[in-house]
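The chain contents come next:
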Amino acid sequence: MDNKANIDQKYDILIAGVGGQGTVLASRLIAAAAIGQGSFARTSETIGMSQRGGCVVSHVRIGSEKAGSIIPMASADMIIAFELSEAARSLPRLKKGGCCIVNTQIIKPVSASLGTSQYDINKITDYIRDNVGRIHFIDGYAIANEAGSVKAVNVVLLGAAAAAGQMPFSRETIEQAIIENVPQKFRELNQKAFKLGYDCIIKEKSNCS
Amino acid sequence: MGKKLLMGNEAIALGAIKAGVNVVTGYPGTPSTEVLETVAHNNPGDIYVEWSVNEKSAMEVAAGAAYSGARTMVTMKQVGLNVASDPLMSLAYIGVKGGMVVLVADDPGPFSSQTEQDTRHFARFSNLPVLDPATPEEAFEMVRYAFELSELVELPVFLRPTTRVCHACATIDIDDSRAEHKPEGFVKDPKWVIFPSLAYRKHLHIEQLQHKLGEIFSGLDFNKVCGDGKLGIAASGVAYTYAVEALDRLQAQVKVFKVGTPYPLPGAKAEEFLSGLEQVLVFEELDPVLEEELAMLCASTGKNTKILGKKSGNLPFAGEYTFELVYEALAKFLGLQTDAAPKAALPELPVRQPVLCAGCPHRASFYAVKMAMKGQKAVFTGDIGCYTLGNAKPLEMVDTCLCMGAGITVAQGIKRTEPGTQCIAFIGDSTFFHTGIPGIVNAVYNKTDITIVILDNSTTAMTGHQPHPGIGRTMMDSISEKIDIYGVVKACGVKHIARGNPLDLKNSVELIKEAADFKGPSVVIFEAPCIALFKPVVKNTVGENCRKCKKCITEIGCPAISTSDGNVVIEPSLCYGCGLCINVCPFNAIGGSQNG
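These protein sequence lines are chains A and B, in that order. All residue numbers for the first sequence refer to the numbering used here, where the first residue is 44 and numbers rise by one. All residue numbers for the second sequence refer to the numbering used here, where the first residue is 763 and numbers rise by one.
None of these hints come from the bench; they were simulated from the model. Treat the hints with caution; some may be incorrect.
[Unchecked claim] Here are the computed distance ranges between Cβ atoms for each label pair:
#1 Ala1253(B) <-> Gly158(A): 23 to 31 Å
#2 Asp935(B) <-> Gly140(A): 15 to 23 Å
#3 Lys53(A) <-> Glu1158(B): 44 to 52 Å
#4 Lys1244(B) <-> Lys53(A): 15 to 23 Å
#5 His803(B) <-> Gln227(A): 16 to 24 Å
#6 Ala941(B) <-> Asn224(A): 42 to 50 Å
#7 Gln227(A) <-> Asn804(B): 19 to 27 Å
#8 Phe229(A) <-> Lys1312(B): 31 to 39 Å
#9 Lys53(A) <-> Gly1097(B): 53 to 61 Å
#10 Asp951(B) <-> Gln227(A): 26 to 34 Å
[Claimed, not checked] Going by beta-carbon spacing under 8 Å, a handful of chain A positions derived as facing chain B:
#11 Gln80
#12 Ile113
#13 Asp163
#14 Asn174
#15 Val175
#16 Gly176
#17 Ile178
#18 Phe180
#19 Val193
#20 Cys243
#21 Ile244
[What the hints assert, rightly or not] Pulled from the structure, derived: some chain A residues nowhere near chain B, Cβ distances all over 12 Å:
#22 Asn224
#23 Glu231
#24 Lys248
By construction, the Cβ of each residue, glycine as well, lies at the ideal position given by its N, Cα and C atoms.
Given the sequences, and given the hints that come with them, work out the whole structure.
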């Protein structure tokens, strides 16, 4: 996939996860990368009450100066899901032929632990597999742990997204955005997290081919 | 600065700084909070910024500064304006000297609010102009204009973004230039004293200004008419962006009226739009303000144009608008087919409501009260803050929630009706200072036998950890008098006051029992910091003694505890070592280890 910058290219990315997983930083980093190469970017994030362990989604719209900040249904070019069930919940926004990165981490809500709602991992996984053509499952939690902190799961997934080869900017552009936007003391950790996430997908691709 | 990704609230703040704002006040409330914080974080050094004790105080401090010629901005969420409505209504008559922007963020949805009220009504009610941005970049332009307009007409001006403007980001080109505004100072004049005779004259004046404001607005770029034909759409706020995208997808050409100033209606511009139109569909979130204004204009100018929107049933009153909703309504209005994608049925997904964080001291407080009240008839009145989440299963400790400060007073009403019921009110520390104190005075004065539990976590947690009068730190980063909640409660005349750490479960249960047994108003202050204020030292794990009774899950509902392959596990990245689960476990199976 040619990753050369095309500043007019429209590209919509949805990030879905659970409050506390760092989805807001992920969407800001993607937008910063887009701006870094001269594109226009918009985002919209869930901030407030839902951050307390609720569902959170971030919309990133690149090259969409005249668009609203929310990606319409069946329109996202890519979904980066930070949690398995949130991947399924957000799939209706993925466009036909869109690409999906799914962190296989399970975050069981209290309702599922109490038995007032169901979390059927197999059913949900099957649903995602059946409905998305271009999909990458990745154990972001383990990889982030390997990088040094499970808090870096957001950057692991960005690395994976960059490696999936669909984003309208180069790997270097997003790595630069990470360097510029995360605090100095976490820079190394995040660079490592990004690389591990990236390599994981590259490895998967080479195994398939 | 160059091109930057700015959140709508940041754009508003930076726009205000560029406009030379001198004084910024406010009370935190989603989705408005980041405006004031951004001013504070980017303060060149000469702007005074404060979190006020509540919105009424914030509005009045800002008004005083504006009387003195300062450019001022006061920030709040839509329900905060209810609290500040007393000064607002009179201020509309009195007017200002320095430009005053009243930043009120509305919350269609609602996402984090108790109502879906529409601040544009307050604009119409108070006869004050309102600017309604569609995007963060427009909000950036509008705030600067709002100061100029305020000084031109000597009135406060509303800037009313909504959640999808406040919390959306856009690429904004921003330079470092900044207007300098030197306040003249307060000049004594009878015009600052609102007497009935002045109120009458001012009422005449402000009514006369409405037409002038409409004329000014007709000349602004925030209001645009384009296209032609017999069908038209009028749109304001984020609904406009959805409409533009929907028109693009439908490849449709209609006359479009983009309205950035819904009140007063830009009359001349609206007439230009309505000219030659047979039907108009209005897209606006919340209430049909623009729809009504356009219908009234048609009626008063004898136009036959049919105005469609919420009142005609074309669009809903409640909830936020979406692209899909606007697209469908627009296609129907234009008689076009939509390309609705077939929907795949989702599998059953877990319900994921927001919950109290793992380690949150409120969970321990609620659980202690629940244990203390076991077997007794009790009603638990809640309030606004993170602790409203105490209503969820399995705690179920919030029976009522109305508005800021109401937990304490609603409890009194229930007690008067049900004297035999234990009435226990919960209130957070920031809410205590906001509007909680008068309720306590009321209980003491009227000798109402309730128990008030103050959940003091040393911050305004829900909105992102703002300081408040009990913290001893201000938004100017200065140290101030730490206002002691215990001392305030004592001064209010409460005769039974206890304080304790809610994480000490046994002691906490005792404190509640004693307070509830006390005849007359009693107060228990539970003191433990919000988990966001410290790093965990201890992490708990489930050991071999676990019999899988799951009491730790079913009793306290901690999000860090769940089952995996039938075993109870504590997620280490979430655990804060509060130890409530240790207290609940009947088999001593849970233990803490130093976080290494």
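Going down the list of hints, with the structure as the test:
no., hint, result
1, Ala1253(B) <-> Gly158(A): 23 to 31 Å, "violated (48 Å)"
2, Asp935(B) <-> Gly140(A): 15 to 23 Å, "violated (34 Å)"
3, Lys53(A) <-> Glu1158(B): 44 to 52 Å, "holds (47 Å)"
4, Lys1244(B) <-> Lys53(A): 15 to 23 Å, "violated (53 Å)"
5, His803(B) <-> Gln227(A): 16 to 24 Å, "holds (18 Å)"
6, Ala941(B) <-> Asn224(A): 42 to 50 Å, "violated (30 Å)"
7, Gln227(A) <-> Asn804(B): 19 to 27 Å, "holds (20 Å)"
8, Phe229(A) <-> Lys1312(B): 31 to 39 Å, "holds (37 Å)"
9, Lys53(A) <-> Gly1097(B): 53 to 61 Å, "violated (28 Å)"
10, Asp951(B) <-> Gln227(A): 26 to 34 Å, "violated (54 Å)"
11, Gln80, "violated (11 Å)"
12, Ile113, "holds (6 Å)"
13, Asp163, "holds (7 Å)"
14, Asn174, "holds (6 Å)"
15, Val175, "violated (10 Å)"
16, Gly176, "violated (13 Å)"
17, Ile178, "violated (15 Å)"
18, Phe180, "violated (16 Å)"
19, Val193, "holds (5 Å)"
20, Cys243, "violated (20 Å)"
21, Ile244, "violated (23 Å)"
22, Asn224, "violated (10 Å)"
23, Glu231, "holds (20 Å)"
24, Lys248, "holds (27 Å)"
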